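Generate the whole structure from the sequences, applying the supplied hints.
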Amino acid sequence: MTLANVIEWLVKGLVWVLILLGGFAYLTYYERRALARIQVRVGPNRAGPWGLLQPIADAIKLIFKEEFMPARADKLLFTLAPIITLTPALVITAVVPFGPESASFQLFGRTITWYIADLNVGVLYIMSIASIAVYGIVLAGWSSNNKYATLGGLRSTAQMLSYELALGLSFIAVIVLANSTRLLDIVEAQKGMWFAVLQPVGFVIFLIATLAEVNRAPFDMPEAEQELAAGYHSEYGGMKFALLFMAEYDKMIAICTIAASLFLGGYREPWFLRDTVLGVDQTPWLGPLYVFIKVFILLFGMIWVRATWPRIRYDRLMAFGWKILLPLSLALVFLTSIGMLLAEQVNPLYQWGIPLASLAAGFIAILGMYQTLRRKEYARA
Amino acid sequence: MDFTLLLFFLLAATAVATALGLLLSRNAVYAALFLVLNFATVAVFYLLLGAPFVAMTQVTVYAGAIMVLFLFVIMLLGAEKLPKGEALPWQRPLAIGAAVILFAEAVYLLVQRVRLTAALPDPGTWENSMESLRQMAGMLFTDYLLPFEVTSLLLLVAMIGAIVLTKGERAVRS
Amino acid sequence: MTAPAPVETLDLAARFPGWVTPDSRPGYSGWIVEKDKLLDFARALRDDLGYDYLSSVTGVDYLPEGKMEVVYHAYKTTGGPGVNFKVQVERRDPVEVPSLVSIYPGAEFQEREAWDLLGIKFTGHPDLRRILMWEDFAGHPLRKDWREAYFEEEFKPFKSRWPEGKFQMAEDKARLGDNLSFPAGFDPRKKTDFDPEKALYEALRQYQKTESGLETEHLLVNIGPHHPSTHGVFRVAVVLDGETIVNLKPVMGYLHRNHEKIGERNTFLMNMPYTDRLDYLTSMSNNFGYALAVEKLMGITPPERAEYIRVMMAELTRIANHVWAIGFLLNDLGAYFTPMLYAQEERELILDIFEAVSGSRMMCNYFRFGGVARDLPDGVLEKVRDLAFDRLPRKVDELENLLADNEIIRARGIGQGVLTAEDAIRYSTSGPLLRASGIPYDVRRAEPYSIYDRLEFDVACRPNGDIYDRMMIRFDEIRQSLRIIQQTVKQIPAGPIMAVKPAYQVRVPPGEAYGRVEGPKGELGFYIVSTGKSSPWRYHVRAPSFINLTAFGPMCVGQKIADLVAILGSIDIVLGECDR
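Residue numbers (our numbering), protein chains in the order written: chain Y, 1 to 381; chain F, 1001 to 1174; chain Z, 2001 to 2580.
Each hint should be verified, as a subset may be incorrect.
As the list claims (entries may be wrong) - Rough simulated footprint, nothing fancy, chain Z against chain Y, three-plus residues with beta-carbon under 8 Å:
| hint | region |
| --- | --- |
| 1 | 32-44 |
| 2 | 193-199 |
| 3 | 296-309 |
| 4 | 312-323 |
To be verified - Taking lysine-lysine and the DSS-like style, the derived pairs with C-alpha atoms no more than 30 Å apart in a straight line are:
| hint | chain 1 | residue 1 | chain 2 | residue 2 |
| --- | --- | --- | --- | --- |
| 5 | Z | 2249 | Y | 147 |
| 6 | Z | 2501 | Z | 2533 |
| 7 | Z | 2144 | Z | 2296 |
| 8 | Y | 147 | Z | 2198 |
| 9 | F | 1167 | Y | 147 |
| 10 | Y | 147 | Z | 2191 |
| 11 | Z | 2121 | Z | 2076 |
| 12 | Y | 323 | F | 1167 |
| 13 | Z | 2067 | Z | 2191 |
| 14 | Z | 2249 | Z | 2156 |
Hints listed in this document are in silico derivations from the structure and should not be mistaken for laboratory results.
Everything numeric in this text was worked out from a predicted model, so none of it was measured.
Glycine included, C-beta positions come from ideal geometry on N, C-alpha and C.
Here it is as structure tokens:
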């Protein structure tokens, strides 16, 4: 480990953090415009052309707001909590590659790659950072000395712990498919076929679990406006609120980046473009662009869900996580492993048994869910 | 001085400080948070020792899951403030005595066994840990199969116990 | 179309000799019940005669006669005219009357209100606390000898402001302190150790402790008055076991302005715009109820065309209210504004029509005694026709398609917050809440007013009484309202719109009247007592939002805290009406 190494990491990290901060600002703009479109409204269009300066206006407003602290709040933790919340959101994407090795460029005599850290246990790193992301929210809720906030914090703890299991298991399916925990390997392993196609149900579980992990609708229990006022950030205002808000949106970006890398081929082109000029092997600099496009589309999905669905009740959310997602993702790990074993030992074509089997498993889960709902309705009538 | 060694001392100091904070803080939430920091520091130690898998597991399992549950319970019960003066009369001298012995042992080990200049593996030269993962999994399912299964059985029993406890309450209510 | 129920000749005096005497004052009807026999009488009325629905409880302070009267209106949920019975007691502070909560649990809040505002102590009431005023308020403001801080005169128009139109702030005429009166021994500069919340929390603690092996700690949470989903300044004090509701008490009165006292100062016509502010989403419907009550007293009926316009406006109001209610229920379920904005689009179009006919989108003030204020302007009928025949049916179907089969809505609505049919009657709930519980009771059919007996429509009814049914019944009612509007648009005759010459001062003969309409939120009743003067002697509003909340607590117990919000949304309250 040399000084130059450290400086390179620092610079890369700084650049990525700045991108995330800018991305956060414009993600809020993107979300507000998209929501407005869905809701037959116009959305912010006053500040600057097409309202493009709106995030800056928001930032200025938040910066100049009074820093409010409730009486009998735990001052230290109340101040620390937003920072603790934001940090995991910023560092979690450190292992995600944004471009192939071939897109690396030379700067000051060093080869600059398109990732911050090439960690062998990249997926595990993501898991561990995701698992500590809950602290900030819990502490924010607890230190506010407010019942709503505390309830919100506690809800988020239980929720994130429950959905982490399904999330982790869907990671394992990917690890099995790629035969590596290193994100570069995982992305390269999707050269032939995206894992979203090979493991579609795993992808859906991943998306559902991440919605719960980042507390987005319809799993926004910790901040359920209608029940808990604003949950864990009820008492926050000004810059501290901005940090919590930033953490939520940066988590969205991070999780979409990860989803893109794990399931949608990361910086790789769509598999059918592999041998054309649009392929990353032919035109390496397209890699970051592909990541951006994938993240953009995934983010729209999150916004769309928020605009469309009501909130699930908390106990139902937990029941769904434990009784449906967890068994289903366990089954997927099992099916994926069997499929890979068969593909390696017998015939590569058995690989296609994985999506079929997992779709069947997903179908059974949906059927079970539907049956329980129906049963309730019969009981009612 | 080597950069890694500097890092080691920094981490060691943090680990000791957070451990002390855990012991000395009167607020249970703070104590739990110090413990989380301690776990995180230890995880970085594992990284420095070239065991990234253990490090990540340490963070995920201890800091990410177990301590969150601790915090959950502390906050739910509102037990963050420890009552004063509940110590048994002989508790403090005993604790001090035990601590002194432990510290002496540690110093002895440090002086006798460990060379401060022992080279730590450079993080840049990590092997692909998929190999070690594979080895670990292989060992778990062959050499250590019995302990592994016994442990899982124990955990299952504990889990069922917890469910039965809460279920029993609900059955009485309805 | 059902035939009007045959009018029973009910001679309660013969049936209960010695208990009941007919009310023989001129202009009055109903029966006067002996105070000691009230409970027995009410039980017999409910169990033997079938008057299972207690619509309204209120009191009247007859200061000159030195009497207080408690007035009850009971109905049969099978339809037909109601029975009006009264208890008279000597005027004291406080007067004591036996509580009817044990027979009609729906009297709970209304009796609390009568205690709060009139000082009638209902003995045997389980939780007799003030409800609209705060706990250490001095006096009972609806008593005729109670005067507000800046009291000027008993009746409007105040001489200081009329006829010259000069205006002097009451605060300037009477400096603070000059006309303030404190109870004996009270010093406003000294802090009292009286805790106004104590009574509430003590009442909350009275619930059956659950028998369980594990001791759990219950958490008391105050939801509101400042909370995004209480639909205004409404507060619920909830006792929680985890997230499960163990007990709750609604707390209201944060928007209380003593509407009824203002109404008793106002002249009859001056009250009309005030009724707009009751349920500010359904001002046309409020106007309707008030106009109906006063017209009953005056003995006039509006001309045909006015009746058609009234019904058209009332039904448009119902649609506007129901799309709003559905939209906000969805918001309460956590849908981020999208359904609400879709619903609101339709409401805006209806408000356009209100603006065209009355000049105002929300505070319409459109009805007059004996008709409506203005005739329909040109083009409005076409607009209504477009809405009723084309756009609204389409849009309602679209909205229902989007919402009715949504899995999350079904999961959160079906079987949640159930109000059984029996409970719905017992708690005197009305409107969609009652009909979603399987009781097809609709004032428009049960005791038809205006031209509803000539119009074809069905009473919407759903069997399960859960949140989902309460949402879906609003779609059903919108469809029925559309049918009514379609008929009125086709049949509306030409002609005058006022039965009498418009006048600022109406002559109302002495007597009492209870006018009730099927408002969008439920049965909206106005109980009016006139002494022949320019202002009503007693002006009472039977507010559906307020009385429907009686069933709120029982519906919520055992549910999760998220359901509380959804249940409140499915009741559909407006605080302007609830707090009055």
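Inset, instruction - Below or equal to 30 Å on CA atoms is what counts here, so check residue 2067/Z against residue 2191/Z. - result: With a Cα-Cα distance of about 37 Å, the restraint between residue 2067/Z and residue 2191/Z is violated, given a limit of 30 Å.
Legend entry - Proposed proximity, residue 2533/Z with residue 2501/Z (alpha carbon, max 30 Å): holds (19 Å)
Legend entry - Restraint status (C-alpha distance of residue 147/Y to residue 2191/Z at most 30 Å): The given pair, whose Cα atoms are some 28 Å apart, holds under the 30 Å limit.
Inset, instruction - Could you grab the alpha-carbon distance between residue 2121/Z and residue 2076/Z and see if it respects the 30 Å cut-off? - result: Satisfied, since the Cα-Cα distance of roughly 27 Å is no more than 30 Å.
Legend entry - Coverage of the region 193-199 of chain Y by chain Z, judged on three or more residues with CB within 8 Å: violated (count 0)
Legend entry - Hinted pair residue 2144/Z and residue 2296/Z, Cα distance within 30 Å: holds (24 Å)
Inset, instruction - Sort out whether residue 2156/Z lies within 30 Å of residue 2249/Z, counting only the CA atoms. - result: Outside the cut-off at roughly 37 Å; violated.
Legend entry - Within 8 Å of chain Z (C-beta), three or more residues of the region 296-309 of chain Y: Result for this restraint: holds, n = 4.
Inset, instruction - Three residues minimum, CB to CB under 8 Å: does the region 312-323 of chain Y make the cut for coverage by chain Z? Let me know. - result: holds (count 5)
Inset, instruction - Would you check the hint for residue 147/Y and residue 2198/Z, treating anything up to 30 Å between C-alpha atoms as holding? - result: Judged against 30 Å, a Cα distance of about 20 Å means the pair holds.
Legend entry - Stated coverage of the region 32-44 of chain Y by chain Z [criterion: 3+ residues, CB within 8 Å]: holds (count 5)
Inset, instruction - Below or equal to 30 Å on CA atoms is what counts here, so check residue 2249/Z against residue 147/Y. - result: With Cα atoms ~18 Å apart, residue 2249/Z and residue 147/Y stay inside 30 Å; holds.
Of the numbered hints given earlier, the model fails hints 2, 13 and 14; all others are met.
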